[in-house]
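Protein chains in written order, with this note's numbering: chain A, 1 to 288; chain B, 289 to 576; chain C, 577 to 864.
These are computed hints drawn from the structure, not numbers from a lab. Keep in mind that a hint or two might mislead.
[To be verified] Straight-line Cα separation of at most 25 Å, SDA-like style, residue types lysine to any residue; simulated pairs: (1) Lys796/C x Val228/A; (2) Lys679/C x Ser631/C; (3) Lys531/B x Lys127/A; (4) Lys796/C x Ala202/A; (5) Lys796/C x Pro824/C; (6) Lys391/B x Pro459/B; (7) Lys243/A x Lys819/C; (8) Lys508/B x Leu781/C; (9) Lys405/B x Gly798/C; (10) Lys508/B x Gln757/C; (11) Lys220/A x Val535/B; (12) Lys49/A x Lys220/A; (13) Lys796/C x Leu500/B; (14) Lys508/B x Lys243/A; (15) Lys819/C x Ile472/B; (16) Lys127/A x Met112/A; (17) Lys220/A x Gln757/C; (18) Lys796/C x Lys405/B; (19) Lys661/C x Ser631/C; (20) Lys117/A x Gln130/A; (21) Lys531/B x Lys405/B.
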Amino acid sequence: MANVLRNSAKFGFSGVLSQLSIHSRHGRECVSPCFSLQQRNNSTSPKIKVDLDSSTGVAVLRMQSPPVNSLSLDFLTEFCINLEKLEMDRSCRGLIITSTLSKVFSAGLDIMEMYGKSPERCGEFWKAVQEMWLKLYGSNMVTMAAINGSSPAGGCLMSLGCDYRIMADNPRYSIGLNETQLGIVAPFWFKDTLVNTVGNRAAELSLELGLLYSAPDALKIGLVDQLVPEDQVLSTAQDTMSKWLAVPDHARQIDQCVISVCIYYINTSPLPPDHARQIDQCVISVCI
Amino acid sequence: MANVLRNSAKFGFSGVLSQLSIHSRHGRECVSPCFSLQQRNNSTSPKIKVDLDSSTGVAVLRMQSPPVNSLSLDFLTEFCINLEKLEMDRSCRGLIITSTLSKVFSAGLDIMEMYGKSPERCGEFWKAVQEMWLKLYGSNMVTMAAINGSSPAGGCLMSLGCDYRIMADNPRYSIGLNETQLGIVAPFWFKDTLVNTVGNRAAELSLELGLLYSAPDALKIGLVDQLVPEDQVLSTAQDTMSKWLAVPDHARQIDQCVISVCIYYINTSPLPPDHARQIDQCVISVCI
Amino acid sequence: MANVLRNSAKFGFSGVLSQLSIHSRHGRECVSPCFSLQQRNNSTSPKIKVDLDSSTGVAVLRMQSPPVNSLSLDFLTEFCINLEKLEMDRSCRGLIITSTLSKVFSAGLDIMEMYGKSPERCGEFWKAVQEMWLKLYGSNMVTMAAINGSSPAGGCLMSLGCDYRIMADNPRYSIGLNETQLGIVAPFWFKDTLVNTVGNRAAELSLELGLLYSAPDALKIGLVDQLVPEDQVLSTAQDTMSKWLAVPDHARQIDQCVISVCIYYINTSPLPPDHARQIDQCVISVCI
């Protein structure tokens, strides 16, 4: 989502990446200054594979961490580093997230990260979860989830951080913030994102009962935007992306920013004064 | 709904029950210290009958005040006392509210309480209305309205304070916040509850025109969650309750609390500092 | 919409009309003290024609500025003056806005007002846009848009400021806040109004992509309330108006005010203390 949001994220949320970053010549954070522009956004690692098509400006990020793309601290760190690299690359305007695994998009937070760990380690883990969400939600790129399998809990959150959600039309695949069923409480910002997507009452029922929705039911309440046959999830995302990229970037980004400000205020109170000023300025400068 | 909400209610809303209460050994308010655990939650009065099934942990509260279960000051006081007793009883986890009268759940606020009365008496009455809503909305129990008849105005508000609403599938039964038709303005918190349930636009039309919805129309806009044949309203509520009670209590309660905080802030400004801290703590302690 | 809102508009938003106004004998603003009661609300100008039927208390405001009822500074000023005159006239309780042009309600803001103009002139123009919205949204009258043609951007905003929207059932007519497509960002308050009408997610997609909806699609997401054959748009508005006017004015107005307060707070921070007090008083005085 929007630029101003993303920039301001530097103030409040140094997160897992802060130690790695130095300031680039653009005044933005940069993970490593020695990446060459050509290669840096086509990376492969044990957990995540990124392909950027420079002709379209669209990157596909494939999660490939068997058995179920669990969101461990390692996974999240790698995910965020890749996101940040793409964000820095001005040739990249759109991002599609999908999975290489059969039947699963992501099974969500790695429960082992919360079991028998020190409070410090737990805190580090939750910071990384929040970092993932903020980087997705605050991205300047158009972000789409190509959900080609089940996507419970943290997997659902990842989808909710994107601008658009396309899911495989398979009733055996399910999606939802089902943390409550496991005795875990979804934090404030999980809730905010869900309410903004499906409305208050559906979110209420969903969270209190920890509901998982089949793909068709998820479409019905608006948790995903579109269902397509399983083998067309990625291609549909690519087609849809080209329509989104036809919209002037700066207006779309500021719109996203205007819409997301409410959520953002809740999560970064007190808001860095620079951030409020930037939003005001950008709105005013476009309006007048 | 949630525990933290309920406890904090002690700060801001002493209401009709404050004179009756002393502190029990659990540090909670208790209406009377001499109730025995076995009998105290199966009570019968002229207006309200409560049956607690200790094997399931589910209480059924039957309103039986002819002709139309009007919410008078007396009725509300009795209603709140019963609610508080159930809330104190750790064996009670679920509450179903229904009516013994034919064709009516509750006709809402007793209009005679607002006609030709002193401001003090009016204030006392409205405090009791608010107390009813806060006790329901802030309850730790799973609360369900088994709406086996018409339920205008205050009767609708009572239903909206519950976690789930099942209504008799009879188009002659109606429900809605129709105060405007009577020249009465629904207070802020009536509006908040309605918006949270049916969304802003439906609430807007509903309140500005004082609309009453037939049971099928109420289902369509989400004012009730489910319609069933009239003779199955209570049994369906009991079946549904058992599904809700299968969800871990503490996670569901905190989820409810997280969701309801927005409404609550509006109604208790300034929020007792202890309350904010308790919510923060519970969210943090579960997350980390 | 509501009275208290309208009155308070005097504090924060002096706008284009402030130089013209003096205080009338009712303590309200009055554009000109020499208008006679009989004639002042049946006016014709190059751009706008107003007919008030004193038997029903309903005025019809016809926009007649070819080719497409563009909202120029001149048009908006005239529009606001007419609105203010009707608002002052106690015999006028309802307002229907429609167009005399074929196929178009209003094409929205006059883009020439934002191109190559000084910042001062731009500021003046945007103040007039905001004034239009505030006068409509804060009106005491029941306001209805009889949308007998396409209504993009500012034309859609004008409709959203009304209490009810009836549109011609013609799939070639479109409506929506499509500013983003033009590289223009819809201000905060455009967004707020849209979210309140169609919900957050539909507003998000709508604004980020700058979507225009055909009449049937607009009905589907709730952007308009009703579709009728093109030749029945005005008559249906008149029928619907008579139902709205059957509701007690003061309760409906305060309901509107209670609902709109959230939007209003956002747009007038800090809120004039008198305004907050007035709302509190009116709610309290009706409740107790």
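If you test the structure against every hint from before, which numbers come out violated?
2, 3, 5, 7, 9, 10, 12, 14, 17, 18, 21
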